[in-house]
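Enquirer: Generate coordinates for the entire structure from the input sequences, incorporating the hints supplied.
One line per chain: the protein sequences are A and B, in this order.
For the first sequence, the UniProt record's numbering begins at 1 and goes up steadily by one.
For the second sequence, the UniProt record's numbering begins at 1 and goes up steadily by one.
I should point out that these hints are in silico values taken from the structure, not numbers from a laboratory.
Treat the numbers as computed from the prediction; the structure is a model and nothing was measured.
Incorrect hints may appear among the rest.
Cβ pair distances, simulated, as ranges [to be verified]: (1) B:ALA77 with A:ASP107: 53 to 61 Å; (2) B:ASN50 with A:ILE184: 27 to 35 Å; (3) B:TYR43 with A:GLN156: 17 to 25 Å.
Chain B residues, not near chain A, derived (Cβ > 12 Å throughout) [claimed, not checked]: (4) THR31; (5) LEU38; (6) THR84; (7) LEU90; (8) ALA94; (9) PRO96; (10) PHE113; (11) TRP136; (12) ALA173; (13) LEU184; (14) VAL185.
Going by beta-carbon spacing under 8 Å, a handful of chain B positions derived as facing chain A [what the hints assert, rightly or not]: (15) SER54; (16) ILE160; (17) SER169.
In this text, a Cβ means the ideal position worked out from N, Cα and C, and glycines have one as well.
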Amino acid sequence: MARSSGNRVPARRGVSGNVIATVAIVVLAVAVIGGILVFGGDGDGGGDGGDGGDTAGEIPAELRAGPDSNTLTEAEGDAVTIVEFLDYQCPACAAYYTNVTKQLEEDYADRVTFVTRNFPLSMHPLAQPAARAAEAAAAQGRYREMYHQLYDNYQQWAVTEDGQRVSDDEQRATTLFDSYATEIGLDLDRFHTDLASAEIQRRIDADVAAGERVGVSSTPTIYVNGEKFESSAESFDDVAAQLRDQIDEALG
Amino acid sequence: MSTTATRPARGLGWLYAVGGALGLAAAVALTLEKIATLTDPDYVPTCSLNPTISCGSVMDSDQAAAFGFPNPLIGIAAFAVVTTVGVVRLAGFAPPRWFRVGMQAGATFGVVFVHWLIAASLYDIHALCPYCMLVWAVTIPIFWYTTLDTLRAFDATRDIGDLLARAHSAVLAAWYVAIAVLVLVEFWDYWRTLF
Numbered sequence: 001m002a003r004s005s006g007n008r009v010p011a012r013r014g015v016s017g018n019v020i021a022t023v024a025i026v027v028l029a030v031a032v033i034g035g036i037l038v039f040g041g042d043g044d045g046g047g048d049g050g051d052g053g054d055t056a057g058e059i060p061a062e063l064r065a066g067p068d069s070n071t072l073t074e075a076e077g078d079a080v081t082i083v084e085f086l087d088y089q090c091p092a093c094a095a096y097y098t099n100v101t102k103q104l105e106e107d108y109a110d111r112v113t114f115v116t117r118n119f120p121l122s123m124h125p126l127a128q129p130a131a132r133a134a135e136a137a138a139a140q141g142r143y144r145e146m147y148h149q150l151y152d153n154y155q156q157w158a159v160t161e162d163g164q165r166v167s168d169d170e171q172r173a174t175t176l177f178d179s180y181a182t183e184i185g186l187d188l189d190r191f192h193t194d195l196a197s198a199e200i201q202r203r204i205d206a207d208v209a210a211g212e213r214v215g216v217s218s219t220p221t222i223y224v225n226g227e228k229f230e231s232s233a234e235s236f237d238d239v240a241a242q243l244r245d246q247i248d249e250a251l252g
Numbered sequence: 001m002s003t004t005a006t007r008p009a010r011g012l013g014w015l016y017a018v019g020g021a022l023g024l025a026a027a028v029a030l031t032l033e034k035i036a037t038l039t040d041p042d043y044v045p046t047c048s049l050n051p052t053i054s055c056g057s058v059m060d061s062d063q064a065a066a067f068g069f070p071n072p073l074i075g076i077a078a079f080a081v082v083t084t085v086g087v088v089r090l091a092g093f094a095p096p097r098w099f100r101v102g103m104q105a106g107a108t109f110g111v112v113f114v115h116w117l118i119a120a121s122l123y124d125i126h127a128l129c130p131y132c133m134l135v136w137a138v139t140i141p142i143f144w145y146t147t148l149d150t151l152r153a154f155d156a157t158r159d160i161g162d163l164l165a166r167a168h169s170a171v172l173a174a175w176y177v178a179i180a181v182l183v184l185v186e187f188w189d190y191w192r193t194l195f
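Expert: Below, the structure written as structure tokens:
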């Protein structure tokens, strides 16, 4: 065995092999994790360029507005369609709403079609009830209003009273959803019937299945004309600017 | 001089002293935060930054008092011992085997307990507590290097101890990476918002 080539390296056998292996593990981990974090959400990160080329001609139905899609804004002719897969209880989605999409919805109101699809994650206990409330409002033609109620009042129903974690208090949330429903003028009896209906659940499940087909794995995931929006920005202002650039580009 | 015997011993002394002190500091911080929350129910712990980085929700969980009293009390006692043993080792104390076996038992309990807490934090509480993560970070090397030391203290296991010691930091790095990956995957939504 080669005993210590360096001057102050402890004379231990195999030191260099160990050091090389250690450095290799750390460098590999940092490279892979950092690469995935910076360049893309799900294993397809590398195929990004190819994806853009493939989908340029044909946008899959999952990423277009369907006849019964929930929309925040609608534009004539569907020149540009934004599809957001969201979870009403996901903190990142609420942050996106506050910092990015709320203003976007206003600014691009009649120029883009903004579709939202349910993607409730199992780690958020109230995501499903909130999605049902949104769909039940949609059944009475008030989706957009409920969407705003849910995100504008996120702190009320979605997080614990100390604001430290996502809430699992379904009773409190349900009471609050009723108050939002009243606020936006829903027929409360019908709202309750719809909340428990199989049709509402079917709509949510269909959205989740659509998301899974196109490879959504986290929320929020946003597509502009079928192309996934991937931000490298560090602040929400920059995220908003990048998203606007992508939309402006699609608008031509 | 028998370099193979003294070198790792000094290294372990430093690891115990520094790692033990860090663990002790984390345990003290958690205990003080716990006392503050008990005194004032509205108190928000300094390490609760948002729903994901939150010691509040971790400290309030059932797992935070696994034996019926707050876990950091175990940390205060155990890490104080680890620090002391580190210092006396640095002072020249060469522990007999029975003493090493005792350290091994303690370190093994610690590492098993810490991994149970990691699982609870990731898959049950869905939050990360920075002070607790510092405890995870020091307990793992303390266990690993204690194990190497113990293995090499007995004739029957000296060969395997020497073999493992040849990849000592590689194993530790792989261990850290494995946990980092689990944390990243579980809180993917959250990390995504940071980039």
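Enquirer: All the hints need checking, so say for each whether the structure fits it.
Expert: Checked hints:
no.	hint	verdict
1	B:ALA77 with A:ASP107: 53 to 61 Å	59 Å, holds
2	B:ASN50 with A:ILE184: 27 to 35 Å	29 Å, holds
3	B:TYR43 with A:GLN156: 17 to 25 Å	22 Å, holds
4	THR31	19 Å, holds
5	LEU38	14 Å, holds
6	THR84	25 Å, holds
7	LEU90	16 Å, holds
8	ALA94	18 Å, holds
9	PRO96	24 Å, holds
10	PHE113	23 Å, holds
11	TRP136	17 Å, holds
12	ALA173	4 Å, violated
13	LEU184	6 Å, violated
14	VAL185	10 Å, violated
15	SER54	5 Å, holds
16	ILE160	14 Å, violated
17	SER169	4 Å, holds
In summary, the structure is inconsistent with hints 12, 13, 14 and 16 from the numbered list given earlier, while agreeing with the others.
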